[in-house]
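Participant: Listed in order, the protein sequences are those of chains A and B.
Sequential numbering of the first sequence, starting at 836, is according to the working numbering.
Sequential numbering of the second sequence, starting at 161, is according to the working numbering.
Derived from the structure by calculation, the hints contain no laboratory data.
Accuracy of the hints is not assured; some may be wrong.
Subject to a maximum C-alpha distance of 35 Å in a straight line, what follows is the list of computed DSBU-like cross-link-like pairs (lysine-lysine) [said to hold, decoys possible]:
id : chain 1 : residue 1 : chain 2 : residue 2
1  : B       : K224      : B       : K164
2  : A       : K1056     : B       : K269
3  : B       : K163      : A       : K876
4  : A       : K842      : A       : K937
5  : A       : K988      : B       : K163
6  : B       : K165      : A       : K986
7  : A       : K876      : B       : K165
8  : A       : K988      : B       : K164
9  : B       : K163      : A       : K1030
10 : B       : K164      : A       : K837
11 : B       : K164      : A       : K1030
12 : A       : K937      : B       : K259
13 : B       : K261      : B       : K184
14 : A       : K842      : A       : K1134
15 : A       : K986      : B       : K164
16 : B       : K248      : A       : K937
17 : A       : K1030     : B       : K165
18 : A       : K986      : A       : K937
19 : B       : K269      : B       : K244
20 : B       : K224      : A       : K1056
21 : B       : K184      : A       : K986
22 : B       : K244      : B       : K267
23 : B       : K163      : A       : K837
24 : B       : K248      : B       : K224
25 : A       : K988      : B       : K165
26 : A       : K1056     : B       : K233
27 : B       : K267      : A       : K1056
28 : B       : K224      : B       : K259
29 : B       : K237      : A       : K1056
30 : B       : K237      : A       : K937
31 : B       : K164      : A       : K876
32 : A       : K837      : B       : K165
Note that the coordinates shown come from a computational prediction; the quantities given were computed from them, not determined experimentally.
Given next are the chains, with one letter for each unit.
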Amino acid sequence: MKRQISKANFNLVSTELEHYESNGLISGEQKDSLLEIYEIKGGLNFIRVVVTIGALLVGLGILSFIASNWDGITHWVKLLIIFGVFGGVNLAGYLLSDNNPKTGRSFIYLGTLVYGAGIFLIGQMYNFGGGFPTAFLLWSLGVLPIAFHLKDKYLMLFANLLFGVYLYGSFGQGFPYAGWIGVPIVYLAYNYFEKSRLLLFFANLTALSFILQITLRYEIKGLFVALLFFVIGLAMYVVKHSLEFDIFRLQGNILLGLTGVILTIPDLWDIVVSAQSTRLVSILFALAFVALLFVLIRKGSLISLIFVCITIFRYYTDTFAFLPKSLFFIVGGLLLLGFGFYFERMMKSSKGGPLA
Amino acid sequence: MTKKKTFFLAVAIPLLILLAMTIKPQATVIFGQEIILETKAYDPTDLFRGDYVAINFAISDIPKSMVDLPIDKVNNKNLFVSLKQEGKYYVVGQVSETKPKQGVYLKGKFQEVYNGINGAGDFRVDYSMDKYFVEQGSGKDLEQESFKGGLVGTVKVLGGYGVLTGIALR
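Required output: the full structure, derived from the provided sequences and hints.
Facilitator: The following block contains the structure:
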């Protein structure tokens, strides 16, 4: 099988090989045989994009039609129509899959939206109360079988996102117990769908959301929730493993940055120290946090630089208590100057660093 | 299993889920007992289900004096509320942890709310019947009528599960 590379990379390789040929490093045949091992990867296919957007539009139209609750036809007739359309587009998708696979697949996509419309129609018919997070759980559940059958990672991603809506929608409506099963499923799916990095990224988000729901369920104090996620983020960033480490690293970096900024809020700390010393503790944390971010920047994490800026900005807008602010800025500024001096010396030395 | 069979199975599962969703409420609509409740309403919109009239039943506010259970057995718990008929409407009779043997009752989730005036507080009960879906644009009229004189809701009840089937002027 030929090695697939993007068109831009292929152009680069062929230009370089021509350069070698003109310099007499390789022969014309060698150049051709080297180019033979490559194949231009099919990027975004125009037809696929067009038919998928078409399916999305029709699906959103049907969802919107149901939401309009037009009483020209009764609920039961609408439900029959939903069943008919669902069956019809899936049958069409099946029949088209051999000769027109792209259009066929878009019909399957349309089917998943029609199914969702059916759920909300039933919610309307019986005036289900509350926020109806179960709708998104059932929607996700109905998309899963076809996603696994077709091994379509975009359908799986859709199911995962719907499950995420369910997790967040459950806030204040009771604990989302389905998470105990759903979280393992999204990781199994990652494994089943040829280790798609996209799916792993969203599986991690789902798992983190579920952990957040657990902490809310047990009414864990904000400080401990933030500390927990800070530690999780740090672990995701530093613990090395073979499972797409760079994705964990990116998410861990963002997570520890966000929770770190949250932990600089003094009021959070009043459950462990007296009310007078919360500000001091939070500033000590902020200094340690910024120091940690600099260590990470030193290791090449540009995202950490963003969080340094957010932390500084947060202090600038946060308070009119000028004394702590001045302390933070002076110490922070000295740290920056110190680090800068250190970097400059590193760059001068023969080794250099990643920023050099 | 052939690829064809698994495909049709994958398509059938969503249909079965949809059908299963209708069983309990439809059975309640057909076999349940009809009761009428006093209510107030206003008119918001849900992104997927469209316009609805938000319903606030009188039986959703239960004074603490009517519940003789310790607070930790009530707050955030699902309890049974027996209803008794007073004139045209059904009102709260008593609250119990176990399913009542007879009469009309509804299962609801209790939540403590603090009453700023006398500090006694009430329980807010969620029966999952707080929305009545209407055709787009028609909710405003009901809301107006509700401000004038209140509305009544018709509910079908079967085994503690209620389905809101209609709202009308008092």
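Participant: If a hint holds in the structure, say so; if it doesn't, say that too.
Facilitator: For each hint, the structure was consulted:
no. : hint               : verdict
1   : K224(B) - K164(B)  : violated (60 Å)
2   : K1056(A) - K269(B) : holds (24 Å)
3   : K163(B) - K876(A)  : holds (28 Å)
4   : K842(A) - K937(A)  : holds (22 Å)
5   : K988(A) - K163(B)  : holds (18 Å)
6   : K165(B) - K986(A)  : holds (16 Å)
7   : K876(A) - K165(B)  : holds (33 Å)
8   : K988(A) - K164(B)  : holds (20 Å)
9   : K163(B) - K1030(A) : holds (22 Å)
10  : K164(B) - K837(A)  : holds (31 Å)
11  : K164(B) - K1030(A) : holds (25 Å)
12  : K937(A) - K259(B)  : violated (55 Å)
13  : K261(B) - K184(B)  : holds (20 Å)
14  : K842(A) - K1134(A) : holds (32 Å)
15  : K986(A) - K164(B)  : holds (14 Å)
16  : K248(B) - K937(A)  : violated (61 Å)
17  : K1030(A) - K165(B) : holds (26 Å)
18  : K986(A) - K937(A)  : holds (14 Å)
19  : K269(B) - K244(B)  : holds (19 Å)
20  : K224(B) - K1056(A) : holds (28 Å)
21  : K184(B) - K986(A)  : holds (34 Å)
22  : K244(B) - K267(B)  : holds (15 Å)
23  : K163(B) - K837(A)  : holds (29 Å)
24  : K248(B) - K224(B)  : holds (25 Å)
25  : K988(A) - K165(B)  : holds (21 Å)
26  : K1056(A) - K233(B) : holds (23 Å)
27  : K267(B) - K1056(A) : holds (31 Å)
28  : K224(B) - K259(B)  : holds (20 Å)
29  : K237(B) - K1056(A) : holds (22 Å)
30  : K237(B) - K937(A)  : violated (50 Å)
31  : K164(B) - K876(A)  : holds (30 Å)
32  : K837(A) - K165(B)  : holds (34 Å)
In this structure, the hints that do not hold are numbers 1, 12, 16, 30, in rising order.
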